[in-house]
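**Q** So the sequences go chain by chain: A and B. For the first sequence, the working numbering gives the first residue as 1, with consecutive numbering after it. For the second sequence, the working numbering gives the first residue as 1001, with consecutive numbering after it.
By construction, these hints were calculated from the structure, which means they are not laboratory data. Be aware that one or more of the hints could be misleading.
[To be verified] Just the calculated beta-carbon pair ranges, DEER-fashion:
#1 B:A1061 to A:H186: 35 to 41 Å
#2 B:D1108 to A:P278: 50 to 56 Å
#3 A:N156 to B:V1097: 50 to 56 Å
#4 A:G274 to B:E1029: 54 to 60 Å
[What the hints assert, rightly or not] Which residues of chain A face chain B? A few of them, derived with a C-beta cut under 8 Å, are:
#5 H186
#6 K190
#7 L380
#8 R383
#9 T453
[Said to hold, decoys possible] Just some of the chain A residues that point at chain B, by a computed CB distance under 8 Å:
#10 T33
#11 V35
#12 H39
#13 D52
#14 H78
#15 A85
#16 A87
#17 V126
#18 V129
#19 L187
#20 I269
#21 P278
#22 W440
#23 K463
#24 S466
Keep in mind that this is a model prediction, so the values were computed, not measured. Virtual Cβ for every residue (Gly too), placed ideally from N, Cα, C.
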Amino acid sequence: MKFQQIDEYAARLRPETKASVHSGSKAGHEKRTKVLFDHFIDPDRLRRIAGDIKQHVVENLDTYLPAVEAKLRANGVHVHWAATAEAANEAVYSILQARGARRMVKAKTMVSEETELGRFLEKRGVECVETDLGEFIVQIDGDHPSHIVKPIIHKNRREIATSFERHGLGAYNDDPETITRRARVHLRHKYLEADVGLTGANFVVAESGRIVLVTNEGNSRFCLAATKCHIAMVGIEKILPRDRDLGLLLNLLARSGTGQQLTVYTEFISGPRGPAQPDGPEEMHVVFVDNGRTDVLASECRDILRCIRCGACLNVCPVYRQASGHAYRSVYPGPVGAVLSPLLAGERFPAMADLPKASSLCGACNEVCPVNIPIPDLLLRLREKGKREGSDAAAAGTPAMGGWAVMASQPFAWKAALAGGRIMNVLPTKYVPVAALQAWQSRRTLPTWRGGTFRTWLHDRRKQQSQAGSAAPRN
Amino acid sequence: MSNDREAILGRVRQALAPLPTRAAAPDWERELVLMRHARGAVDAPALFAERLRLVNGTPIASVEELVALFVSSGWRRGYCDPALAARLRPAFPAEIVFETEFDRTRVDDYQFGITAAVGAIAETGTVILNDAATSRRLAALAPWVHVAVVPRRSIHVDLPEAVAALGGDPNIIWCTGPSKTADVEGILIEGVHGPGVQIALLVD
Ligand code: SF4
Chain A
1 MKFQQIDEYA
11 ARLRPETKAS
21 VHSGSKAGHE
31 KRTKVLFDHF
41 IDPDRLRRIA
51 GDIKQHVVEN
61 LDTYLPAVEA
71 KLRANGVHVH
81 WAATAEAANE
91 AVYSILQARG
101 ARRMVKAKTM
111 VSEETELGRF
121 LEKRGVECVE
131 TDLGEFIVQI
141 DGDHPSHIVK
151 PIIHKNRREI
161 ATSFERHGLG
171 AYNDDPETIT
181 RRARVHLRHK
191 YLEADVGLTG
201 ANFVVAESGR
211 IVLVTNEGNS
221 RFCLAATKCH
231 IAMVGIEKIL
241 PRDRDLGLLL
251 NLLARSGTGQ
261 QLTVYTEFIS
271 GPRGPAQPDG
281 PEEMHVVFVD
291 NGRTDVLASE
301 CRDILRCIRC
311 GACLNVCPVY
321 RQASGHAYRS
331 VYPGPVGAVL
341 SPLLAGERFP
351 AMADLPKASS
361 LCGACNEVCP
371 VNIPIPDLLL
381 RLREKGKREG
391 SDAAAAGTPA
401 MGGWAVMASQ
411 PFAWKAALAG
421 GRIMNVLPTK
431 YVPVAALQAW
441 QSRRTLPTWR
451 GGTFRTWLHD
461 RRKQQSQAGS
471 AAPRN
Chain B
1001 MSNDREAILG
1011 RVRQALAPLP
1021 TRAAAPDWER
1031 ELVLMRHARG
1041 AVDAPALFAE
1051 RLRLVNGTPI
1061 ASVEELVALF
1071 VSSGWRRGYC
1081 DPALAARLRP
1091 AFPAEIVFET
1101 EFDRTRVDDY
1111 QFGITAAVGA
1121 IAETGTVILN
1131 DAATSRRLAA
1141 LAPWVHVAVV
1151 PRRSIHVDLP
1161 EAVAALGGDP
1171 NIIWCTGPSK
1181 TADVEGILIE
1191 GVHGPGVQIA
1201 LLVD
């Protein structure tokens, strides 16, 4: 039988990678839980209210988008709209061209990963340097991030040291401090030479037109201190209604993502630099990107648009921990990716429809989500959609259930099967002609078959009770 | 691209049209995000210093203490906001050089940057910079040591209070301890792109 693609990927994963991903995500989850419960009396209430705020935004984007646009314009910001990935890349490129810009520094943005902006610009002769340490390493390796918050969770220091050596950043040295210092020296000159700084946005506030960016390294700050032009690529769902909502969402984001109370840098940008300030952009652009989001909005899975990209659901997910991010074959891995990636894939949905099945539906992702997204429900809806659309990818690793349905709905057939099941205890599995069972058994052992014991017990109990007559206590 | 605007907004309206009702914006009280230890009366400067230490930042209560730290650490040359230099310079020994211009072609020559903060947040140990108060974004970021000069009365207790005070400056940044990363094997390293040492000098 065919395994699901994600299982096949996990089976091929090198043991070091598996160990890095497992320990990194587990540690992230433990820190998150500790800090939330140490700090707040009722962290679940925070999550629920934050979720309600974001759901309100999602369901009112038709009024919020024009409102935030007007506010940004009033703040002196140029606003652009991009329906597709190509349109988003073109929008950025035309801003660069208008300025004659050849060099760009880039802070981490997941939207630009979606649109593959870096590759697009390099082809057109623009140098585009990733400045987040992890993203920089991903870039020099020609790799892809495997986690939303910790892009190189899948790499160890020896691999990184080798990449640095190959990239001319000094002789092999795998000390994390040395690696970081070398990146510091290399990248600060890139910022200072660059014409444009590109960032994403964690939040955009409708009321004030503030863009909020959070980082720990200070790379987005450096982009905005050294360059003269700031471009922010923003997914259309990133809006918050009021400034005051930041007081709640910022309290949740860092705690959920990295177990910090607050990230080191939280920047609130509402326009080009102030009149007395010599450093920073004199021109600011916001590119609102759809790239499939309106399809998600039209679907019954629109709740996923609440996501604030904290990565908590990845860290807690038993499937992610075993399979790593690349197994999800898309920009967004883990539980959030299992919902979002097939939806964002548009017409390629059937090819990605196996992802919603990469879950035991344990519900841990929902429990940790700072905006309380019911991910397991959404996964079920997508499983159904995959089935409806006859996706081969979704059918892989799934036994045909037709025979089972007949058996389970005919009492006689069911009883016969239970009695016959005892043969399982003596028959070697390789002779059982059920592919799914063989696949399952190849790495696990079955418990002893005790089929029918519950029914016998229930039957006997009823008999005893009726013998005891009406004197028997009832509950 | 104006076509893209109409296309996107049209699709948004279409997607939302079938919804029978729209979720309302919930209100929430500051009480919701009050941290356990911040309940009751709070001594903001003391809490700020405690929380800043927790994120490996350095709170400093007097100019003399700052001078002593500079001398013992061997920090010799850096930038100082001209307005602050007039006040601080006399307390420093002559061999420590204050430049009041920041030359971006020599970023690595500045061991420290001393700039004014517009406020702070006690419960997180955060200093707040903005474009109006902080003379140079680069000087507060590129040198290894950043000294933010924080007036004691400008310290907010918590995030909601600090958010309410954001105001109209086009660029506000909350800095909570030294710049850091854990990208390499989850090991914490400080001083990635920004300062490796974050000092808050509290003044009256
Ligand atoms: S779905 Fe929730 S937990 Fe997962 S990344 Fe998004 S906000 Fe975080």
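**Q** Does the structure break any of the earlier hints, and which numbers would those be?
**A** 2, 3, 4, 5, 6, 7, 8, 9, 10, 11, 14, 15, 17, 18, 22, 23 and 24
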